[in-house]
Amino acid sequence: MLKEILINVREEETRVAVLEDKIPVEVYIERSPNQRLVGNIFKGRVENVLPGMQAAFVDIGLEKNAFLYVEDAQPSRNPEAGNNPGLNLNIGDILKQGQEIIVQIVKEPIGTKGPRVTTHVTLPGRYLVLMPTVDYIGISRRIESEKERERLKELANRVKPEGMGVIVRTVAEGVCEEEFRQDILLLHKLWRKIQSRSTNTAAPNLLHRDLELVQRMLRDIFSEDVDRLTIDSRSEYDKVLEILDIIDPKLKLKVFLDERENIFEDYGISVELEKALKRRVWLKCGAYLVIDQSEALTAVDVNTGKFVGSTNLEDTVLKTNLEAAVEISRQLRLRNIGGIIIVDFIDMVEEEHRNQVLATLEEEIKKDKTKTNILGITQLGLVEMTRKKVRPSLAEVLQKSCPYCEGRGKVLSEETVSIHLKTQIYQMAKQTMAETILVEANPIVAARLIGAGGANLRELEQRTGKNLYIRGSATHHLEQVTIRPLSDQDEITSQTLPVKAGEVIEVKVVEPHISNMNDGIARLDGFIIDIEGGGYLVGEVVSVEVTKVHRTYAKARII
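Each residue of the sequence shown is one higher than the last, beginning at 2 in my numbering.
Honestly, the hints are just simulated from the structure, not real lab data. Fair warning: this is a prediction, and the values are worked out from it, not measured in the lab. The beta carbon of each residue, even a glycine, is placed where N, CA and C say it ideally should be. A few of these clues could be false.
What the hints assert, rightly or not - Within a straight-line C-alpha distance of at most 25 Å, the following computed SDA-like cross-link-like pairs (lysine to any residue) qualify:
| hint | residue 1 | residue 2 |
| --- | --- | --- |
| 1 | K423 | E462 |
| 2 | K276 | S394 |
| 3 | K276 | D293 |
| 4 | K154 | T134 |
| 5 | K367 | I341 |
| 6 | K370 | Q216 |
| 7 | K4 | E174 |
| 8 | K370 | P250 |
| 9 | K389 | L63 |
| 10 | K390 | R220 |
| 11 | K4 | K285 |
| 12 | K65 | D211 |
| 13 | K194 | P205 |
| 14 | K240 | R32 |
| 15 | K320 | A300 |
| 16 | K370 | L274 |
| 17 | K65 | T119 |
| 18 | K389 | L376 |
| 19 | K279 | E328 |
| 20 | K251 | L214 |
| 21 | K390 | E328 |
| 22 | K401 | I343 |
| 23 | K108 | V39 |
| 24 | K279 | G269 |
| 25 | K279 | E14 |
| 26 | K401 | P110 |
| 27 | K97 | T200 |
| 28 | K367 | G139 |
| 29 | K372 | D211 |
| 30 | K97 | K108 |
As the list claims (entries may be wrong) - Label pairs and their calculated CB-CB ranges:
| hint | residue 1 | residue 2 | range |
| --- | --- | --- | --- |
| 31 | L212 | K97 | 32 to 42 Å |
| 32 | N313 | C403 | 37 to 47 Å |
| 33 | Q463 | N304 | 45 to 55 Å |
Please construct the entire structure, taking both the sequences and the accompanying hints into account.
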């Protein structure tokens, strides 16, 4: 498999894309170093202790207080031992209000929630992760050779500071003891500096900021299994080479400068990012996925779409589900979807086929560095998964909730809006002494209110006893309406009718008249212009003179 890293450095943001066989599988975007919080270490002050939730809120100087669970606040423990009931303490036994503590952010603030923090600090290096509060040695699960695992564990035991723990990273496979010592020396020095800052500063305060995106990528992603790293900025290229001189000079041979103007566009990554923001994802076979992200969970539905197969139904279903399993794994990484994930594969009759699809999904998930668990198939035939959520998803970084639909993804239909609008008109008619009411709405809604030949408008006027002027406005959103009474005659004339008799205007003929095909119809903010003899000019822009103005339309002639 060809693995590449592409770095795009712009004034407003830095973007990193990881490609496998030329296909983007992961994207990292950092708009400002201050935006990313995970990995940062703070001196905080306990604001509230909540025994009922076995948690505490900690003021670390951000807009929202950080959330600290009891398991993240307990004294030193083996991070892989789980929650041992014999060691568990109540949050009130560990923390007191006003207490000052050192915490590290492990989860970004998302939505209305503040960041999640832990007192068990981890300091990642190139080969090792130092854990100053835990006496423990761990080896990356991705290192499969038992002999190599034992060797690395022995080396780690020799170099780790007394009373502290280390985790050996995947990239450490085959590394010698001296490189371990250099790594641990730098990390231990960093921890002493953090402790010194904590002693000499008041809470809340930032003690340590994690590396910027390009530096983190060199530390965490760029390793021997990467075939090529391409960067489009000369200054960042020079910095990368300087860093690699220190951490791994051999990797400098894989770094290339490409100063083309639109590197993400040329590699097709921008197109993939646009697709990753859509609900529907098409598969090569013609089937498609529908991905719906909500606050509680993400649902993925698999559909056959245009794919009809060539042999039998079960074979078609199996091929669709196998391709879907591969694409689902990629989409989870590309979109950085975390939390609970439910996948609704197309129903399979044969147990062997279900196992085959699950095996494919598990194999693809192994490529993901983010911890992901496949929990199996439920009684309803749904595949349950969890994926660790550390940073905001791609959608959360690039999008915000629609101010019109408030994140629902839908707006009211014109029929619903017009029904609600009628009710508002009736209420306004009862409340005002004015004889005239002006209604402004989206042209589609206005057309429904007026009705064919003004029938609905006449009925509304009879029921309200008012003169109603309904005006379409292209600037009005579909759900937006404006209703106000008009009492001054000059205001009525100026506000209700967009044209005057004798006025010359340019309009586009959009359709022939429904009952007189010889005439053409144009619209001016929803107001109808009936152009005599303009039926043959559909699609053209013409100059016309307004000859007569009615409340819902005007007559005009071609100049």
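Against the structure, the hints:
1. K423 / E462: holds (11 Å)
2. K276 / S394: holds (14 Å)
3. K276 / D293: holds (14 Å)
4. K154 / T134: At roughly 19 Å apart (the allowed maximum being 25 Å), T134 and K154 satisfy the hint.
5. K367 / I341: holds (18 Å)
6. K370 / Q216: Holds, because 18 Å separates the two Cα atoms, which is no more than 25 Å.
7. K4 / E174: Holds, at roughly 19 Å.
8. K370 / P250: holds (24 Å)
9. K389 / L63: holds (23 Å)
10. K390 / R220: Holds, because 20 Å separates the two Cα atoms, which is no more than 25 Å.
11. K4 / K285: Holds. K4 to K285 sits at ~21 Å (cutoff 25 Å).
12. K65 / D211: holds (20 Å)
13. K194 / P205: This hinted pair holds, its Cα atoms lying about 17 Å apart.
14. K240 / R32: holds (19 Å)
15. K320 / A300: holds (21 Å)
16. K370 / L274: Holds, at roughly 20 Å.
17. K65 / T119: holds (16 Å)
18. K389 / L376: Holds, at roughly 14 Å.
19. K279 / E328: Distance of about 14 Å is within 25 Å: holds.
20. K251 / L214: holds (21 Å)
21. K390 / E328: Given that 25 Å is the threshold and the Cα spacing comes to 20 Å, the pair holds.
22. K401 / I343: holds (24 Å)
23. K108 / V39: The given pair, whose Cα atoms are some 6 Å apart, holds under the 25 Å limit.
24. K279 / G269: This hinted pair holds, its Cα atoms lying about 16 Å apart.
25. K279 / E14: holds (22 Å)
26. K401 / P110: Distance of about 15 Å is within 25 Å: holds.
27. K97 / T200: Distance of about 19 Å is within 25 Å: holds.
28. K367 / G139: holds (19 Å)
29. K372 / D211: holds (21 Å)
30. K97 / K108: holds (23 Å)
31. L212 / K97: 32 to 42 Å: holds (34 Å)
32. N313 / C403: 37 to 47 Å: With a Cβ separation near 44 Å, N313 and C403 satisfy 37 to 47 Å, so the hint holds.
33. Q463 / N304: 45 to 55 Å: Since Q463 and N304 have Cβ atoms about 50 Å apart, the given range 45 to 55 Å holds.
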